[in-house]
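Residue-level listing of the chains:
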Amino acid sequence: DGGITQSPKYLFRKEGQNVTLSCEQNLNHDAMYWYRQDPGQGLRLIYYSQIVNDFQKGDIAEGYSVSREKKESFPLTVTSAQKNPTAFYLCASSIGTPNTGELFFGEGSRLTVL
Amino acid sequence: SQKIEQNSEALNIQEGKTATLTCNYTNYSPAYLQWYRQDPGRGPVFLLLIRENEKEKRKERLKVTFDTTLKQSLFHITASQPADSATYLCALLSNSGYALNFGKGTSLLVTP
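Keeping their order, the protein sequence lines are chains E and R.
So that you can map any letter, position 112 of the first sequence is 184 in my numbering, and since no number is skipped, the others follow by simple counting.
So that you can map any letter, position 98 of the second sequence is 92 in my numbering, and since no number is skipped, the others follow by simple counting.
Be careful, since some hints might not be right.
[Stated by the list, open to error] Listed next, the in silico DSS-like pairs over lysine-lysine satisfying Cα-Cα at most 30 Å (straight line):
hint	chain 1	residue 1	chain 2	residue 2
1	R	Lys49	E	Lys129
2	E	Lys86	R	Lys98
3	R	Lys98	E	Lys129
4	R	Lys53	R	Lys98
5	E	Lys143	E	Lys129
6	R	Lys53	R	Lys65
7	E	Lys142	E	Lys129
8	R	Lys(-3)	R	Lys49
9	R	Lys11	R	Lys98
10	R	Lys65	E	Lys129
11	R	Lys(-3)	E	Lys155
12	R	Lys(-3)	R	Lys57
13	R	Lys98	E	Lys81
14	E	Lys155	R	Lys98
[What the hints assert, rightly or not] Sample of chain R residues at the chain E side, in silico, Cβ under 8 Å:
hint	residue
15	Gln28
16	Ala80
17	Tyr92
Bear in mind the hints are in silico, worked out from the structure with no lab data behind them.
This structure is a prediction, so every number in the text was calculated from the model and none was measured.
From the three backbone atoms N, C-alpha and C, an ideal C-beta is built for every residue, glycine too.
If we strip away everything but chain R, and leave its shape as in the complex, we get:
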């Protein structure tokens, strides 16, 4: 069966450090992968999309890598800030080709 796995344990880091979140998947052949941010009680907000032919993508302090051989994406936040504290979700296109499947998300807490 298809699975999207993200670290279930919360990630606690100190302000200014780099946070690295992992997304592993099985039984997908994705042409792309998306990352979203979700704050408590709110809807997810899109952050980045990376395609299979893009090894790395950057947006401001965010960096995403995509390794289709390892079936893994890494999501980095450099110079992290307390405002970065949230749950981060990765998503892949479902078998239907018309909707996204999401991982359970990893909670990030950045402390001053």
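So here's chain E without its partners, still in its complex pose:
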């Protein structure tokens, strides 16, 4: 079945450590996205990528980095510069820009900083 796979589902990190969240899709979608969700908050866009080797900052990119070396993969690194990294992270993809269709989301990765 086609879909988006995020891993790990749960991750614990000590302060000062970088951590990378994996996002893989087999939907052959061009566009991929990373959102962050905090309790009682809406989804906030971190980064998005429309094509391979290209990505753009979203509303809250500080303290995060991404790469898009393959169409299928869009990993997110949460760096030690991110001041409040504990959150639920969601990866999504779409065929193209979301003006004609939906976003497909993964099941999320919950990061807790100890």
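Given chain E, put chain R in place with the hints provided.
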């Protein structure tokens, strides 16, 4: 600034009744609006997309209206069931034109 506002208070209704959720927006000129469902600890799932020239759209027990004059969308679930209990999010295209902005969502609880 751009805002997408959804009722922050949870909506509790009895099984069989119609649930109505509201999405209001400011400083958007959307060509379309999307609705998603999110269960606890899961990723959102797409439900419906409605375009600016479509006043109403239906899918099974779901109905969405879109009033660009009022800057509002209403999301209805008829004959609601306990399985409909979830958080419902509305979304609009961001200024970049390449990503969606989401509201905070409204939690719906349908009791037997």
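Outcome of the hint check:
1. Lys49(R) to Lys129(E): violated, 34 Å
2. Lys86(E) to Lys98(R): holds, 29 Å
3. Lys98(R) to Lys129(E): holds, 21 Å
4. Lys53(R) to Lys98(R): Within the cut-off at roughly 23 Å; holds.
5. Lys143(E) to Lys129(E): Roughly 18 Å between the alpha carbons, so the hint for Lys143(E) and Lys129(E) holds.
6. Lys53(R) to Lys65(R): Holds, at roughly 22 Å.
7. Lys142(E) to Lys129(E): Measuring from Cα to Cα gives roughly 18 Å; hence the hint holds.
8. Lys(-3)(R) to Lys49(R): holds, 21 Å
9. Lys11(R) to Lys98(R): holds, 24 Å
10. Lys65(R) to Lys129(E): holds, 28 Å
11. Lys(-3)(R) to Lys155(E): Since the Cα atoms of Lys(-3)(R) and Lys155(E) sit roughly 25 Å apart, the hinted pair holds (cutoff 30 Å).
12. Lys(-3)(R) to Lys57(R): Since the Cα atoms of Lys(-3)(R) and Lys57(R) sit roughly 23 Å apart, the hinted pair holds (cutoff 30 Å).
13. Lys98(R) to Lys81(E): Roughly 22 Å separates the two Cα atoms, so the pair holds.
14. Lys155(E) to Lys98(R): Holds: Lys155(E) and Lys98(R) sit about 22 Å apart, inside 30 Å.
15. Gln28: This interface hint holds because 7 Å falls under the 8 Å limit.
16. Ala80: violated, 14 Å
17. Tyr92: This interface hint holds because 5 Å falls under the 8 Å limit.
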